[in-house]
Amino acid sequence: MKHIISALVQNKPGVLAHVAGMFAARAFNIDSLAVGRTDDPALSRMTIVVLGDDKVVEQVRKQLAKIIDVVKIQDFSGAEVVARDLMLLCVHTPPEKRPEVLALIEMFKAKVVDIGQKTIMVEATGPEEKIEALIEACKPYGIKNMARTGTVAMAKFSKNAPADNQ
Amino acid sequence: MSKTTTKGGCPQSPEEFPLKTGAEIVVDTLIEQGVDTMFGYLGGVVLPLFDKLYDAPINFIIPRHEQGGCHMADGYARATGKVGVIIATSGPGACNLITGIANAMMDSVPMVALTGQVRTDLIGNDAFQEADTTGITRPITKHNMIVKDVKDLQPAIREAFYIAKTGRPGPVLIDIPVDVSLAKCRETPLTGISLPGYKLQQSGHSRQIKIAAATINKSEKPVLYVGGGVITANASEELRTFAKKANLPVTMTLMALGAYDQTQAESLDMLGMHGSAYANYAVQESDLLIAVGARFDDRVTGKLKTFAPNAKIIHIDIDPSSISKNVHVDIPVVGDAKFILAELTKEIEYRPRKDWFDKIAEWKSKYPFKYDTASANIKPQYVIEQIWEATKDNAIIVTGVGQHQMWTAQFYKQTKPRHFITSGGLGTMGFGLPAAIGAQVACPDALVIDIDGDSSFNMTMNELCTAVQYELPIKVCILNNGYMGMVRQWQELFYGKRYSKSSLRNPEFAAVAEAFGAVGITVDKKNDVKTAIAKMLAEKRPCLVDFRVEREENVWPMVPTGKSLHEMDGLSIFESMS
Numbered sequence: 250m251k252h253i254i255s256a257l258v259q260n261k262p263g264v265l266a267h268v269a270g271m272f273a274a275r276a277f278n279i280d281s282l283a284v285g286r287t288d289d290p291a292l293s294r295m296t297i298v299v300l301g302d303d304k305v306v307e308q309v310r311k312q313l314a315k316i317i318d319v320v321k322i323q324d325f326s327g328a329e330v331v332a333r334d335l336m337l338l339c340v341h342t343p344p345e346k347r348p349e350v351l352a353l354i355e356m357f358k359a360k361v362v363d364i365g366q367k368t369i370m371v372e373a374t375g376p377e378e379k380i381e382a383l384i385e386a387c388k389p390y391g392i393k394n395m396a397r398t399g400t401v402a403m404a405k406f407s408k409n410a411p412a413d414n415q
Numbered sequence: 007m008s009k010t011t012t013k014g015g016c017p018q019s020p021e022e023f024p025l026k027t028g029a030e031i032v033v034d035t036l037i038e039q040g041v042d043t044m045f046g047y048l049g050g051v052v053l054p055l056f057d058k059l060y061d062a063p064i065n066f067i068i069p070r071h072e073q074g075g076c077h078m079a080d081g082y083a084r085a086t087g088k089v090g091v092i093i094a095t096s097g098p099g100a101c102n103l104i105t106g107i108a109n110a111m112m113d114s115v116p117m118v119a120l121t122g123q124v125r126t127d128l129i130g131n132d133a134f135q136e137a138d139t140t141g142i143t144r145p146i147t148k149h150n151m152i153v154k155d156v157k158d159l160q161p162a163i164r165e166a167f168y169i170a171k172t173g174r175p176g177p178v179l180i181d182i183p184v185d186v187s188l189a190k191c192r193e194t195p196l197t198g199i200s201l202p203g204y205k206l207q208q209s210g211h212s213r214q215i216k217i218a219a220a221t222i223n224k225s226e227k228p229v230l231y232v233g234g235g236v237i238t239a240n241a242s243e244e245l246r247t248f249a250k251k252a253n254l255p256v257t258m259t260l261m262a263l264g265a266y267d268q269t270q271a272e273s274l275d276m277l278g279m280h281g282s283a284y285a286n287y288a289v290q291e292s293d294l295l296i297a298v299g300a301r302f303d304d305r306v307t308g309k310l311k312t313f314a315p316n317a318k319i320i321h322i323d324i325d326p327s328s329i330s331k332n333v334h335v336d337i338p339v340v341g342d343a344k345f346i347l348a349e350l351t352k353e354i355e356y357r358p359r360k361d362w363f364d365k366i367a368e369w370k371s372k373y374p375f376k377y378d379t380a381s382a383n384i385k386p387q388y389v390i391e392q393i394w395e396a397t398k399d400n401a402i403i404v405t406g407v408g409q410h411q412m413w414t415a416q417f418y419k420q421t422k423p424r425h426f427i428t429s430g431g432l433g434t435m436g437f438g439l440p441a442a443i444g445a446q447v448a449c450p451d452a453l454v455i456d457i458d459g460d461s462s463f464n465m466t467m468n469e470l471c472t473a474v475q476y477e478l479p480i481k482v483c484i485l486n487n488g489y490m491g492m493v494r495q496w497q498e499l500f501y502g503k504r505y506s507k508s509s510l511r512n513p514e515f516a517a518v519a520e521a522f523g524a525v526g527i528t529v530d531k532k533n534d535v536k537t538a539i540a541k542m543l544a545e546k547r548p549c550l551v552d553f554r555v556e557r558e559e560n561v562w563p564m565v566p567t568g569k570s571l572h573e574m575d576g577l578s579i580f581e582s583m584s
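Heads up: the protein sequence lines correspond to chains A and B, in order. Basically my numbering = 1-based index in the first sequence + 249. Basically my numbering = 1-based index in the second sequence + 6.
Calculated directly from the structure, the hints in this document are not laboratory data. Please read all numbers here as calculations on a predicted model, not as lab measurements. Cβ coordinates follow ideal geometry from the N, Cα and C atoms, glycine included. Incorrect hints may have been included.
[Claimed, not checked] In the PhoX-like style, the derived pairs of lysine-lysine whose C-alpha atoms are separated by at most 20 Å in a straight line are:
| no. | chain 1 | residue 1 | chain 2 | residue 2 |
| --- | --- | --- | --- | --- |
| 1 | A | Lys321 | B | Lys360 |
| 2 | A | Lys321 | A | Lys405 |
| 3 | A | Lys304 | B | Lys318 |
| 4 | B | Lys311 | A | Lys304 |
| 5 | A | Lys304 | B | Lys309 |
[As the list claims (entries may be wrong)] To give a feel for the contact side, a few chain A residues facing chain B, derived at Cβ under 7 Å:
| no. | residue |
| --- | --- |
| 6 | Gly270 |
| 7 | Ala274 |
| 8 | Gln312 |
| 9 | Lys315 |
| 10 | Ile384 |
[Claimed, not checked] Covered by chain B, per the in silico footprint, the following chain A stretches (three or more residues, Cβ under 8 Å):
| no. | stretch |
| --- | --- |
| 11 | 300-311 |
| 12 | 316-322 |
Using the sequences and the hints given, assemble the complete structure.
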């Protein structure tokens with residue numbers, strides 16, 4: 250099962266290596282890890298998608314909390330969240346297929362960001378399922394290249410706010 | 007800038023603090039943190055630091071190898087509870103610390119390691135004696151950092167000490183490039199430490215404590231399972247009061263020996279793979295297991311699925327990540343054992359539990375630790391018993407890792423905390439001698455005995471030189487069977503007696519000791535054991551006794567890996583001896 254964990258970390262060299270190394274050393278399974286700055290220059294936000302049961306995720310949370318440079322952890326399991334991926338996708342598109350592919354992109358509310366002689370580059374954001382569906386839809390044309398950010402997430406301002414740890 | 011006034015000699019503004027080099031700041035901050043003893047080895051990039059140490063009021067011990075120094079700092083920390091401090095140069099110096107740091111990490115020993123680093127402008131260029139020290143040590147330290155600006159140096163050292171000794175203690179490493187040691191800046195005032203990601207939970211949840219107490223009060227067959235955390239927390243007194251008031255049988259992990267007085271009737275001694283049959287049976291039949299400062303290590307639990315199958319589990323620990331890591335915990339209490347045990351004691355009621363104690367007494371009389379006392383050969387257990395008889399409560403016992411370590415845990419009854427120093431989690435052969443040196447440095451008047459194996463001793467025997475140089479009267483008792491004994495035992499039991507590469511040719515240890523400037527004694531007759539021990543104890547110099555023990559003696563009982571705790575081998579051998 251997938252769990253989204255959000256960690257606020259000190260913006261210092263070595264923190265990403267520490268977090269990634271801890272996952273490897275303790276044999277936890279990362280599905281994706283996205284890191285970016287926050288409004289506070291001293292802090293970065295890591296959004297980590299972990300595969301595992303509740304027991305594993307509990308250990309992940311606790312082991313993350315143990316890292317001194319990790320300031321705060323939120324476990325979004327069971328909470329109402331907005332979770333989004335960003336993807337750049339390069340689809341093989343010979344001229345005769347172009348209208349078809351463009352229509353498809355339109356349908357997914359994705360954006361064309363570059364057009365080559367035989368390729369189209371698409372930018373898509375959305376929940377993971379939408380991204381996965383777009384990939385599936387494009388596969389028959391041939392996927393030339395793909396880059397994804399991994400999930401970033403934030404809790405909704407609802408009753409089901411996530412549990413704060415640490 | 008002259009507007010600020012100086013009150014009582016204390017500088018009031020940063021400008022009034024004197025300008026100092028990084029190296030001066032390091033040494034002054036160490037002294038500020040209460041360091042009066044440290045260990046370390048020289049090298050190019052730490053020369054500025056050693057220059058400042060030249061006339062610093064710090065007792066400095068130079069080992070013969072950085073690993074030895076690191077174990078010395080570890081032994082020093084375990085004997086005192088203070089932070090052990092080790093310093094090493096960049097590259098090979100730092101790399102030689104790895105085993106020692108990992109060892110301290112596994113056993114939660116407070117330690118600060120300072121390493122030199124190449125100049126900041128050379129970092130990443132494969133400079134001479136460069137290694138990515140913070141990268142290498144990240145998984146084996148509680149925290150580490152590289153200081154690239156001299157302004158950050160003093161806060162970093164203060165943080166390091168604070169992190170090393172608070173919460174669940176552990177090693178903290180600071181990597182200091184040589185240009186940072188040489189750069190100048192003003193000292194920073196001693197202010198509160200700001201670590202937003204480091205929160206300590208000390209007191210334990212009062213509701214959880216009440217639930218735990220109520221559960222203990224109701225239980226008929228409880229066992230108190232004590233780990234090294236109780237010693238780390240200096241909670242031995244609180245533990246004893248609690249156990250007596252509640253009337254609980256007490257078993258200890260290897261790391262906890264001495265937390266409870268093993269000569270008391272309630273003591274079940276050590277549990278686990280080579281623990282007592284009575285402890286293991288009691289755990290398996292218990293209806294409540296109260297774990298304090300323990301972490302349900304695989305050497306303790308045996309097969310997890312069948313561990314204490316009928317027991318509810320209360321787990322008191324300062325590290326939340328220890329809770330429910332290996333076994334499901336019914337009642338977790340996160341906090342400092344010292345505080346929580348004192349609180350629990352207030353809530354607890356005495357309960358006689360006669361049937362339970364009768365059953366335990368039966369196990370105790372039926373399955374005591376045993377060996378063939380009639381043998382004409384020197385049995386290793388016999389040597390340990392004789393050391394125990396001759397020293398009792400008076401010695402700090404240190405060990406290496408292997409059979410001798412297990413026999414020492416079984417046959418030397420510990421009565422006080424911080425008197426048994428051994429490598430538990432990492433199982434580091436070669437720990438004994440340097441750790442004994444560290445303990446002797448910490449406690450100059452104490453009797454410190456390293457009960458060692460021949461193979462363990464071989465790994466770090468060069469440190470005998472250090473003991474001689476600093477006139478540290480440590481005693482080394484080698485239980486010499488000419489094997490890597492525990493490896494040989496496993497090969498006998500699980501690899502069809504194919505003793506692959508487990509036998510090494512040893513030097514004449516007594517002659518080696520003499521060559522180093524220590525006293526060396528060889529004992530190859532059972533009748534000479536007592537006199538040799540007496541002679542060793544009377545010796546004012548470092549003294550080594552090489553006991554030529556029964557070569558293929560095994561440690562019993564034994565729970566083979568993958569078996570449940572009650573499925574012990576060797577009990578029939580015990581029975582055949584009586």
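Taking the hints in turn, this is what the structure says about them:
1. A/Lys321 <-> B/Lys360: Violated, because 49 Å separates the two Cα atoms, which is more than 20 Å.
2. A/Lys321 <-> A/Lys405: Distance ~18 Å between lysine 321 of chain A and lysine 405 of chain A Cα, so the pair holds.
3. A/Lys304 <-> B/Lys318: holds (18 Å)
4. B/Lys311 <-> A/Lys304: holds (15 Å)
5. A/Lys304 <-> B/Lys309: holds (19 Å)
6. Gly270: holds (6 Å)
7. Ala274: holds (5 Å)
8. Gln312: Holds, because the Cβ-Cβ distance from glutamine 312 of chain A to chain B comes to roughly 5 Å (cut-off 7 Å).
9. Lys315: The hint holds - lysine 315 of chain A has a Cβ within 7 Å of chain B, the shortest such distance being about 5 Å.
10. Ile384: violated (35 Å)
11. 300-311: With 4 residues close enough to chain B, the hint holds.
12. 316-322: Result for this restraint: holds, n = 6.
The structure does not agree with the numbered hints 1, 10 stated previously, though it agrees with the rest.
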